[in-house]
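With the hints as your guide, set chain H onto chain Z.
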Amino acid sequence: MERSFAAEVESLKLGDGQVFHGEGILAVTKALLQSGVSYVGGYQGAPVSHMMDVLNDAREIMDRLGIHVETNASEAGAAAMLGASINYPLRGAVTWKSTVGTNVASDALSNLASAGVKGGTLIVIGEDYGEGASIIQERSHAFAMKSQIWLLDPRPNLPTIVRMVEQGFELSEASQSPVMLELRIRACHVHGSFLAKDNRAARFSRQNLLNDPDFDAGRICLPPSTYAQEKHKVEVRWPAAIEFIRRNRLNEHFPGTSDDVGIIVQGGMYNVALRALQQLGLADAFGQSVIPIYVLNVTYPLIPDEVSQFCAGKRRVLVVEEGQPNYIEEAVHAILRRADVQTRVHGKDMLPMAGEYTGEVVLTGVAKYIEAAAPKGVDTAAAHTAFEKLMTPKRRAAELLGSPVPTRAPGFCIGCPERPVFSAMKLVEREVGRLHVSCDIGCHTFSTLPPFSIGNTVLGYGLGLASNTAVNPMFGRRTLTVMGDGGFWHNGLTSGIANAVFNRNDGILVIMKNGYTSATGTQTIPSSVHQSEGKSTDMSIEKALSGIGVKWVKSVYTYRVGEMVRTLKDALTSSYNGLKVIIADAECQLERQRRLRPLIAKQLAAGERVVRTRFGVDDEVCTGDHSCIRLSGCPSLTIKPNPDPLRTDPVATVDQGCVGCGLCGEVAHAAVLCPSFYRADIVQNPRIWDRWLDSLRRAVIGWLQGSPAWTR
Amino acid sequence: MDALTAVDRASSAGALPTRPITILVAALGGEGGGVLAEWLVASATDQGFPVQSTSIPGVAQRTGATTYYLEIYPAAWERLGQRAPVLALTPSPGNIDVMIASELLEAGRALQSGYVSPDRTTLVASSHRIYAIAEKSAMSDGRFDTSKLMETARVLARRLVLFDMARLAREAGTVINAVMFGALVGSGALPMSRQACEEAIRRSGKGAEASLRGFEAGYRHAQGDDVPAPQQADDRTRSRPVDRVRSQFPSETHKILEEGVARLADYQDEAYAQLYLDRLAPVLSAERDGGGGATGYRLTTETGRHLALWMSYEDVIRVADLKTRPERFARVRNEVRARPGEPVIVTEFLKPGIEELCAILPPSLARPLLAWAARRGRSYSIGMHVRTSTVTGYLLMRLLARMTGLRRKSSRFHDEQALIERWLVAVKAAAAESIDLALEIAECARLIKGYGDTHRRGTTNFLNIFDALIGPAAGRPAGRAAAIARARQAALADPEGKSLAEALPRPAGSA
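Protein chains in written order, with the working numbering: chain Z, 1 to 712; chain H, 713 to 1223.
One chain only, chain Z, in its complex shape:
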């Protein structure tokens, strides 16, 4: 695991009246414990990866409370686990990255929502939208609506988030429906504080077991029950939810002096909207706003009475709703029409339809709204001047800089074992021409960015090979698929490999076996070599492939670029008709270094002999073409000003970050690139023999260098 939360989990033990300080996602975990959950689970993915890490690091606390912790195989598995709450009064929570995780989970979610729940169920979704997101840009809102799952979108401060978790369980039980808690990226990572309560042991748990299985035909998702369930949803569960939300005031109303206008805002958007008002001189630092604000901590369902009461008597309201389609704005229109309230509704006409609502975006939209609505008692000219002044430095910077600064996209880490595979593919492409490569989800998706620009499609986690099934038969030459070991266990084994064998697919699959789901923070997977306790250790990709009937399997140590080139060409030209799998085998460098560094430090301290390997470039030999960088992209392989007074192009150089993975030398060799690279093996704590040999060599070479016969 990339990050240990061993210290942070201590704060999960806080009791009544103590102040919790920490990250949003840790606060959610604490709130789950305060709510008396019986079981938790999920699947890692930014921005909620930390929650899975915390759950695993907090096993001792979980065990004491009798809570079952499951590292689910996928989001579908996590959603299905919530089935425990259908028949039994067990509170359960799962987490995943959305919308992708919700997509994977949606089969189970639909069934869960139809059957209804006895125990409160909470799905904590990390809404991966906007800056920092790594997935397709969609809203989870649609899932809530289609399956009738209530959607909480709390104001992004820890007290509100914690309150929403606790009341979310109550809402779920009061309305027999699952509840989603939506947290945007920054809310997941927001660091703040709240007043803690004692943790609560659940009524039923691993400490206090169930005895009698419950049977209720009405809870089975099969006709005729499904018809009754749908009716139950709208006739019983929906009204119960509305009643609960209203009675417990989950949504908030902040009055203001300019009551002829108002802003309706998703809870998660409250702080950014308030900051915009503050910057325009219309609110103070404590949230006292001139403009009345109605905060939707529950964005689905809306409470029609609350909406129409807020809007009554107002000329214009602005709906601040991030993402599209603009479900809330449309719903507000419908509610007001039904209630015959004549307020004009603004939303996507003032704010952009798509994209993250950043500080700048919301400021611009709110400024536009204030100017158009001219709230009573507000000096709109002053607001306009304030806005113009705020935006001036950005315009000035653009003029002064002349052109946009280069982007800095994420990429493979220093010494990443996946990089050599794409170096090899580039070399193969040089010989045989461009190849179609179906990509998957994981760190290896970085291959689609410069300098590699390899990969034609990305269709979903573990779905690389499945997405290649109709491509391969359409090409005269075989095509390639890349899949990570994370994707392999998530979905790839069945949807991809079993399907390919079954349908006699003739393609080539490269499995990146680095031992972790590295992109999400190096969580372990079934085939990880190093497992935490409580996990099975004897699960191998090779055995799974063999069991499923893959006959052509070759394993290559990824740093051997030449061998990888040969194996790829072999797979491209082999007469074998059927799926060919190349296992690109080498441990994630992040984890490797994390393991090795303390070990080496200990050896060095103990005076043991340690050989450190580093690569370098002879700047007199390098001519500054940078082919090596185009074939590698390693962050530690960079450029520096040319020390040669005759040359102007910068030369390649290897910086101090080098971990000595050896790719530079391998690529220089395999690509017949240039002789600039050297490898240096530095013998630390040398033995007598090392010293003796070294001084002998230096003496002889020094003598030769001093002798005119050998220097010229």
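No wet-lab data here; the hints were simulated from the structure.
Backbone N, C-alpha and C fix where the C-beta goes; we use that ideal spot for every residue, glycine too.
Take the hints with a grain of salt, since some may be wrong.
Covered by chain Z, according to a simulated footprint, are these stretches of chain H (three or more residues, beta-carbon under 8 Å) [stated by the list, open to error]:
| no. | segment |
| --- | --- |
| 1 | 777-789 |
| 2 | 840-851 |
| 3 | 1062-1072 |
| 4 | 1160-1170 |
Within a straight-line C-alpha distance of at most 35 Å, the following computed DSBU-like cross-link-like pairs (lysine-lysine) qualify [unchecked claim]:
| no. | chain 1 | residue 1 | chain 2 | residue 2 |
| --- | --- | --- | --- | --- |
| 5 | Z | Lys348 | Z | Lys314 |
| 6 | H | Lys918 | Z | Lys640 |
| 7 | H | Lys1063 | Z | Lys640 |
| 8 | Z | Lys640 | H | Lys860 |
| 9 | Z | Lys535 | H | Lys918 |
| 10 | Z | Lys13 | H | Lys918 |
| 11 | Z | Lys394 | H | Lys860 |
| 12 | H | Lys860 | Z | Lys368 |
| 13 | Z | Lys569 | H | Lys1063 |
| 14 | Z | Lys389 | H | Lys860 |
| 15 | Z | Lys569 | H | Lys1210 |
| 16 | H | Lys918 | Z | Lys602 |
| 17 | Z | Lys554 | H | Lys1063 |
| 18 | H | Lys1210 | Z | Lys640 |
| 19 | Z | Lys197 | H | Lys918 |
Distance ranges between label pairs, derived from CB positions [to be verified]:
| no. | chain 1 | residue 1 | chain 2 | residue 2 | range |
| --- | --- | --- | --- | --- | --- |
| 20 | H | Ser916 | Z | Thr457 | 39 to 47 Å |
| 21 | H | Pro1075 | Z | Arg687 | 48 to 56 Å |
| 22 | H | Ser1076 | Z | Val501 | 55 to 63 Å |
| 23 | Z | Pro404 | H | Ala922 | 31 to 39 Å |
| 24 | Z | Lys640 | H | Ala922 | 23 to 31 Å |
| 25 | Z | Ala6 | H | Glu921 | 17 to 25 Å |
Only chain H this time, still in chain Z's reference frame:
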């Protein structure tokens, strides 16, 4: 109103500050930006201030650019009663009090986003560069103009603290985040005391001592107490005054030409260096005739630069020589940070192929051998790992290095000299028409560099431009100069030659 006066006013007059202090941290994955944010939160909490931080780590942790955003309300909780400030999670343009960037281009990104404004922003940034992939992978020089970044920072920041924090971190044996923290506190833009900040580092445990050293260095630097001398540029000028250059060439050209003479004498012999000046003399007189003196003899200088490099083309003899020089071993030890007494074993990655072999053979042997290899349709090469730090490895390389005598008779020498002459004729001819045109032709020599495929591609591009735009001397000089400059840039735009093919009047190459 700036951050400090906000605090002062709050404490003296009893009125609460009207807004929080906003801090945006721009860093790259792995630089410890998250830990810096934690230190800031801890020190603010320690002083009882409401504080909030957010980040968007995600995949940006994998070497990408990322930011951490903090807001600190500079009045202690107990003064607020039941009220709590509403703190934003995203930065807004024109609304940042303290902008700190771990690297110069990231400071540029912040400027570009409007996060630095003259009325309130203290910009604290490291002046060192970590190049973005587009800058690194360019075929020539793709670096963003740092003078523009510095200038924009100077114009837009209310206060600018700019120095090489990476270097201070290295010297203190710590990570850059500690130096950044020290610089932030030293800039005086934070409401927290220095003690509270150092305490936050101490409490964070691991590596605290090193971090505190880095903090101290950053703090002193931001306070202006400790301004180290600028780092010396790595300049390898080896030239010495050359009488013939001094007497026959104008002073503006001396630096480059003397370097060229020294380079070629070192590469081959004195006669070869004299040939260099013989070749340049007519270029100089052509430039004189064309009035080049007024523009500082740029044509002679640039032709001299490229001619020296071209004449000292890199063959195996040259590479072996460069890799076995005494100063090279010292440089390697220094670069890999070997401590005194630690043996260093240096391994070279050489893959001489049939072309490299033929390059040092006479044309009569090289031509048939190359033709044979071409018929076989494949290239032959031997991958070698030569350890130049061992006696046998050193001797092997030295043997190669001593073959300079063979060079003058070799096929590569023959070919290069012919192409050089062709290029020089074109430069001289153009100079009679227009110095600018001649300069563009001279500049085309920069396309020819590197080894193996790189060298082959460069030469092909050079010839394609030559055949299409330089040989056929039609049209006005200004138009031709512009077309040549465009084609040269296109040749350096992508290794596949797509841009060049579009830039030339007819398809490049004849496959």
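Evaluation of the provided hints:
By the rule of at least three residues with a Cβ nearer than 8 Å to a Cβ of chain Z, the coverage given for the segment 777-789 of chain H holds, with 4 such residues. Restraint check on the segment 840-851 of chain H versus chain Z: 10 residues with Cβ-Cβ distances below 8 Å, three needed, restraint holds. Here's how the segment 1062-1072 of chain H fares: 3 of its residues keep a CB closer than 8 Å to some CB of chain Z, so the rule of at least three is met and the hint holds. Counting residues of the segment 1160-1170 of chain H whose beta carbon lies closer than 8 Å to any beta carbon of chain Z gives 7, which reaches the threshold of three, so the coverage claim holds.
At roughly 19 Å between alpha-carbon atoms, Lys348 (chain Z) and Lys314 (chain Z) fall within 35 Å of each other, so this suggested pair holds. With a CA separation close to 33 Å, the supplied pair Lys918 (chain H) and Lys640 (chain Z) stays within the 35 Å bound. Among the hinted pairs, Lys1063 (chain H) with Lys640 (chain Z) is consistent with the structure: their alpha-carbon atoms are about 25 Å apart, no more than 35 Å. A hinted pair counts as satisfied when its Cα atoms are at most 35 Å apart, and Lys640 (chain Z) with Lys860 (chain H) qualifies at roughly 19 Å.
Taking the CA atoms of Lys535 (chain Z) and Lys918 (chain H), the gap is near 30 Å; set against the 35 Å cutoff, the hint holds. About 24 Å separates the Cα atoms of Lys13 (chain Z) and Lys918 (chain H), which keeps this hinted pair within 35 Å; it holds. Of the supplied pair hints, the one linking Lys394 (chain Z) and Lys860 (chain H) holds, its CA atoms being roughly 15 Å apart against a limit of 35 Å. For a cut-off of 35 Å, the pair hint linking Lys860 (chain H) to Lys368 (chain Z) stands: about 33 Å separates their Cα positions.
For the suggested pair Lys569 (chain Z) and Lys1063 (chain H), the alpha carbons sit about 21 Å apart, so the restraint of at most 35 Å is met. Distance restraint check for Lys389 (chain Z) and Lys860 (chain H): the Cα-Cα separation of roughly 23 Å lies within the 35 Å cut-off, and the hinted pair is therefore satisfied. Restraint check for Lys569 (chain Z) and Lys1210 (chain H): satisfied, since their Cα atoms lie roughly 26 Å apart, inside the 35 Å limit. Note on Lys918 (chain H) and Lys602 (chain Z): the hinted pairing holds, with a Cα-Cα distance of about 15 Å set against a maximum of 35 Å.
Proposed proximity of Lys554 (chain Z) and Lys1063 (chain H) is supported: the alpha carbons are some 27 Å apart, at most 35 Å. Simply put, Lys1210 (chain H) and Lys640 (chain Z) have alpha-carbon atoms about 27 Å apart, close enough for the 35 Å limit, and the pair holds. A distance of roughly 31 Å separates the Cα atoms of Lys197 (chain Z) and Lys918 (chain H); the hinted pair therefore holds under the 35 Å criterion. The hint said 39 to 47 Å for the Cβ distance between Ser916 (chain H) and Thr457 (chain Z), and at roughly 44 Å that hint holds.
At about 52 Å, the CB distance of Pro1075 (chain H) to Arg687 (chain Z) agrees with the hint of 48 to 56 Å. Between Ser1076 (chain H) and Val501 (chain Z) the C-beta distance comes to about 59 Å, which sits within the given range of 55 to 63 Å. Taken as a hint, the range 31 to 39 Å holds for the pair Pro404 (chain Z) and Ala922 (chain H), whose Cβ atoms sit roughly 37 Å apart. For the pair Lys640 (chain Z) and Ala922 (chain H), the beta carbons lie near 26 Å from each other, so the given range of 23 to 31 Å is met.
At about 22 Å, the CB distance of Ala6 (chain Z) to Glu921 (chain H) agrees with the hint of 17 to 25 Å.
When held up to the earlier numbered hints, the structure conflicts with none and fits them all.
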